[in-house]
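Produce the entire structure from the sequences given, and follow the hints as far as they go.
There are 2 protein chains.
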Amino acid sequence: MSRRTAVPLPKAYRLLNHGPTVLVSSAHAGRRNVMAAAWNMALDFDPPKVAVVIDKSTLTRDLVEASGEFVLSVPSRQQAAMTLAVGTHSGREIDKFSIAGVHAAVASMVGAPLIEGCLAWLECRVIAEPHIQQSYDLFLGEVVAAWADPTVFSDGRWHFADDRQRSIHYLAGGSFFATGDEFKV
Amino acid sequence: MSRRTAVPLPKAYRLLNHGPTVLVSSAHAGRRNVMAAAWNMALDFDPPKVAVVIDKSTLTRDLVEASGEFVLSVPSRQQAAMTLAVGTHSGREIDKFSIAGVHAAVASMVGAPLIEGCLAWLECRVIAEPHIQQSYDLFLGEVVAAWADPTVFSDGRWHFADDRQRSIHYLAGGSFFATGDEFKV
Chain A
16 MSRRTAVPLP
26 KAYRLLNHGP
36 TVLVSSAHAG
46 RRNVMAAAWN
56 MALDFDPPKV
66 AVVIDKSTLT
76 RDLVEASGEF
86 VLSVPSRQQA
96 AMTLAVGTHS
106 GREIDKFSIA
116 GVHAAVASMV
126 GAPLIEGCLA
136 WLECRVIAEP
146 HIQQSYDLFL
156 GEVVAAWADP
166 TVFSDGRWHF
176 ADDRQRSIHY
186 LAGGSFFATG
196 DEFKV
Chain B
16 MSRRTAVPLP
26 KAYRLLNHGP
36 TVLVSSAHAG
46 RRNVMAAAWN
56 MALDFDPPKV
66 AVVIDKSTLT
76 RDLVEASGEF
86 VLSVPSRQQA
96 AMTLAVGTHS
106 GREIDKFSIA
116 GVHAAVASMV
126 GAPLIEGCLA
136 WLECRVIAEP
146 HIQQSYDLFL
156 GEVVAAWADP
166 TVFSDGRWHF
176 ADDRQRSIHY
186 LAGGSFFATG
196 DEFKV
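Protein chains in written order, with my numbering: chain A, 16 to 200; chain B, 16 to 200.
A portion of the hints provided could be inaccurate.
Pairs involving identical chains hold if they fit within one copy or between any two copies, as the list cannot separate such chains.
[Claimed, not checked] Listed next, the in silico SDA-like pairs over lysine to any residue satisfying Cα-Cα at most 25 Å (straight line):
#1 Lys71 / Ile147
#2 Lys199 / Val121
#3 Lys71 / Val141
#4 Lys26 / Ser105
#5 Lys71 / Arg179
#6 Lys199 / Pro23
#7 Lys199 / Ala176
#8 Lys199 / Arg19
#9 Lys199 / His118
#10 Lys71 / Tyr151
#11 Lys71 / His146
#12 Lys71 / Ala143
#13 Lys71 / Glu157
#14 Lys71 / Thr166
#15 Lys26 / Lys199
To be clear, the hints were calculated from the coordinates, so they are not data collected in a lab.
This is how it looks when you write it as C-alpha cells:
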C-alpha cells in the first residue's frame, strides 16, 4: 500500500507545477478506468484547479462525464512501463486494472480510485464547461483532496532521492524524461 | 542570434509534451512584454493547439487580448535566472527587455517576439474563448509556426547533450528541476 500524507490544498499545484505526466482514473456505475495524460496542468492556487485533456474516444471520457469526478495520480519512473501500457490500451477493450502494477485504492472525496504506488494524488471534481469539453476535449477540475508519498514530497517540496522514484515526463514513441536535478537561482 | 530550424506543425506538441516552463511574449501597438508560465500544455496535435494561464493582473494579458497573438519560448537551464526575473517583475513597472539576457527576435507569423537563446519557439494565435479567458485566465492558441534549436531538437526529438541547454521545470520559491535522463520502456 502506498504511503500517503495529506497535502494542504493551497500547495496542491506544486504536485503538477513541474509538468509531470499523470494517470487519470475514473469510475461510474460499477465501471472504472485509468489512462495516461501528458497534457495536464495546474490552473489555480486556492482553491486549486487543474486542466487535463481527455479525448472523446476514451472510456475515461464517458466515466468522467457521467461521474463528474476524476483522480490525477503522479507515477514514478519505476511505473513508466505501466504508464505507457495504460496510455496505449483502451478501457473499452481490456480491464486496465488487470495490467501488471495497476492497483486501485479508495479515494477520500471522490468515487474515482487512486493508483497505488504513485508519488502523489489529486482528487478532483469536474468544473462543468460543456463547450470546451466538447470543442477541445478540455476538462477543468477543482482539487478537493491531495496526497503525496512523504518520502518524495513534504512541506510543499519535492525531494527526490531514489532515481526510481522520480516523476516522469512523456515525450513520444515510448520515450520519457525523468525529472532531473533540482537547482535554485 | 539563436539557431532556429522549422518544426513541422504536427510535431510541434513535442516541444511542450514533457511539461517545461515557458516564456510567454506578446506585443501590441508599440508595447511588448514577456512573462514566465509553468502552467502551459499542449492541447491538440494537428493543427497544433496549446493552453496557457495568463493572469488578469499582467501586462501580458492586455497585450495578448489586444493582439490575439503570443509566442511560447522554451528557455534553457542557463536562462533560468532570466526566466525567474521575467516571472517576478511586472511589465507595468519595468521594460523586461532591459533585463540581462532578454533579447527579442522577429517571429514569422505573429507580431509577438521570439526570445533569443531559447531552445524552441511556438508562434500562436489566440482561439477566442472569452468565457474561459475571463473565468479561469485560460488562453487557448493555435500554433501557426514552430521552431527549435537543432542542437537540442530535430526530427521530432529532444536530444539534450549540454546540461546548460536542458529545458527547465519551475517548482516554487526560485527552485527549478532540469529535464533529466531520457529513457525508453
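Do the hints match the structure? See the list:
1. Lys71 / Ile147: Classified as both; 12 Å inside a copy, 20 Å across copies.
2. Lys199 / Val121: Neither, since 37 Å and 31 Å both go past 25 Å.
3. Lys71 / Val141: both (16 Å within a copy, 23 Å between copies)
4. Lys26 / Ser105: between (33 Å within a copy, 24 Å between copies)
5. Lys71 / Arg179: Answer is neither: 33 Å inside a copy and 40 Å across each miss the 25 Å cutoff.
6. Lys199 / Pro23: within (23 Å within a copy, 34 Å between copies)
7. Lys199 / Ala176: both (17 Å within a copy, 21 Å between copies)
8. Lys199 / Arg19: Neither: 27 Å inside a copy, 28 Å across copies.
9. Lys199 / His118: For Lys199 and His118, only the inter-copy Cα distance (23 Å) is at most 25 Å; the intra-copy one is 36 Å.
10. Lys71 / Tyr151: both (9 Å within a copy, 23 Å between copies)
11. Lys71 / His146: both (13 Å within a copy, 22 Å between copies)
12. Lys71 / Ala143: both (16 Å within a copy, 22 Å between copies)
13. Lys71 / Glu157: Both: 21 Å inside a chain and 20 Å across chains, each within 25 Å.
14. Lys71 / Thr166: neither (36 Å within a copy, 37 Å between copies)
15. Lys26 / Lys199: within (19 Å within a copy, 31 Å between copies)
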